[in-house]
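Participant: Line by line, the protein sequences give chains A and B.
So the number in the working numbering is just where the residue sits in the first sequence, counting from 1, plus 50.
So the number in the working numbering is just where the residue sits in the second sequence, counting from 1, plus 50.
Source of the hints: derived by calculation from the structure; they are not laboratory data.
There's no promise every hint is true.
For identical chains, the list gives no copy identity; a pair is met inside one copy or between any two copies.
To be verified - Calculated pairs, DSSO-like style, for lysine-lysine (alpha carbon to alpha carbon, straight line, at most 27 Å):
no., residue 1, residue 2
1, K232, K80
2, K239, K202
3, K235, K202
4, K80, K235
5, K239, K116
6, K116, K202
7, K239, K134
8, K73, K116
9, K235, K134
10, K235, K160
Here are the chains, one letter per residue:
2 protein chains.
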Amino acid sequence: MKNDGLLVVISGPAGTGKGTVVKELMQDEKIRVSVSATTRSPREGEENGFHYHFLTREAFLQMIEKDGFLEYAQYCGNFYGSPKEQAESWMQEGMDVILEIEVQGCRKIKEKNPECVSIFVMPPSMEVLEQRLRGRGTETEEVILRRLERAKEEIRLSADYDYIVVNDTVEQCAADIRCVLKAEKLRAKRFVK
Amino acid sequence: MKNDGLLVVISGPAGTGKGTVVKELMQDEKIRVSVSATTRSPREGEENGFHYHFLTREAFLQMIEKDGFLEYAQYCGNFYGSPKEQAESWMQEGMDVILEIEVQGCRKIKEKNPECVSIFVMPPSMEVLEQRLRGRGTETEEVILRRLERAKEEIRLSADYDYIVVNDTVEQCAADIRCVLKAEKLRAKRFVK
Chain A
51 MKNDGLLVVI
61 SGPAGTGKGT
71 VVKELMQDEK
81 IRVSVSATTR
91 SPREGEENGF
101 HYHFLTREAF
111 LQMIEKDGFL
121 EYAQYCGNFY
131 GSPKEQAESW
141 MQEGMDVILE
151 IEVQGCRKIK
161 EKNPECVSIF
171 VMPPSMEVLE
181 QRLRGRGTET
191 EEVILRRLER
201 AKEEIRLSAD
211 YDYIVVNDTV
221 EQCAADIRCV
231 LKAEKLRAKR
241 FVK
Chain B
51 MKNDGLLVVI
61 SGPAGTGKGT
71 VVKELMQDEK
81 IRVSVSATTR
91 SPREGEENGF
101 HYHFLTREAF
111 LQMIEKDGFL
121 EYAQYCGNFY
131 GSPKEQAESW
141 MQEGMDVILE
151 IEVQGCRKIK
161 EKNPECVSIF
171 VMPPSMEVLE
181 QRLRGRGTET
191 EEVILRRLER
201 AKEEIRLSAD
211 YDYIVVNDTV
221 EQCAADIRCV
231 LKAEKLRAKR
241 FVK
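The shape of chain A in the complex, shown without the other chains (with noise of 0.2 Å):
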């Protein structure tokens, strides 16, 4: 077995804060997070290649044909998926590969890639995520509401990842989540003889 790095699929509901897990987990030169591919069009701000890889149709379905992503789905009419070169590339040099999709993506890379290692993170409760979704002040009552609805549903399937780590603070929820990726690193079935 080679000491590659290792796949890892974070999810969680919107406002539990997972981006910003993951941006503190990007502070260690080991870890790297996978940019998805879609054919949506940029909206204000976003940029190609950091926020996304804004693809036409036809590149996407090409790319979907010549096996080139982890996972992909359609949602709204659009596609989005997880390139798997970089990926690979980046596992082989050693690195852990954060994937951050919803949970119908993560069962999807379970099924062809069983070895990836599936982490939720849950808000501390309900209140909070209430709190945080309506602390953002940009959406209407309705899409709170919800979201609120379509939190308690993905929680309902956290029992299916591997791992779930609460995100009370940035700092701890990022420490417990290097943790489990030092320990996964130290599984049996990993070892490097």
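Following the hints, position chain B against chain A.
Facilitator: Coordinates of chain B only, in the frame set by chain A:
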């Protein structure tokens, strides 16, 4: 699911220094080490209840009858076992309980307690293990060679453990084990709702 402590099996070849690592772990107030019971006679300096619980053959057999051991075995005509009651009461108090036992004992524990966490302490290399065994200066050449042979056998069986930690330095090895215990508590299957 209750917020119980973990049942932790630690094994490793003689001379790996696992005893020193376990002593280091005992500094943690949430970690307890199970004291084995035996029917063999105390050696000089051995204290009842600290090094072993010294039992008569009758008392040991009665405890077997009452299902009082997590595992037990016969070795050179004497019985050795891990008492169940103390370990379970510590775990209910939220303590992690370490059993320092042989590879065979680990298998028996796993059969009855599949949720236990098993950790194999590996020497950095066979050369270092040999140096450590010779460094004690107390064993005959024959005993050293027999221990090295046995170590090789045990290392072959290390793949059955959940985790493998290398004892390069006691501090690093103990830190790795602490990280494993922390991560195990973050596993979704142990998540307390």
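Participant: Please name the hints from earlier in the document that this structure breaks, with their numbers sorted from lowest to highest.
Facilitator: The structure conflicts with hints 5, 6, 8, although it agrees with all the remaining ones.
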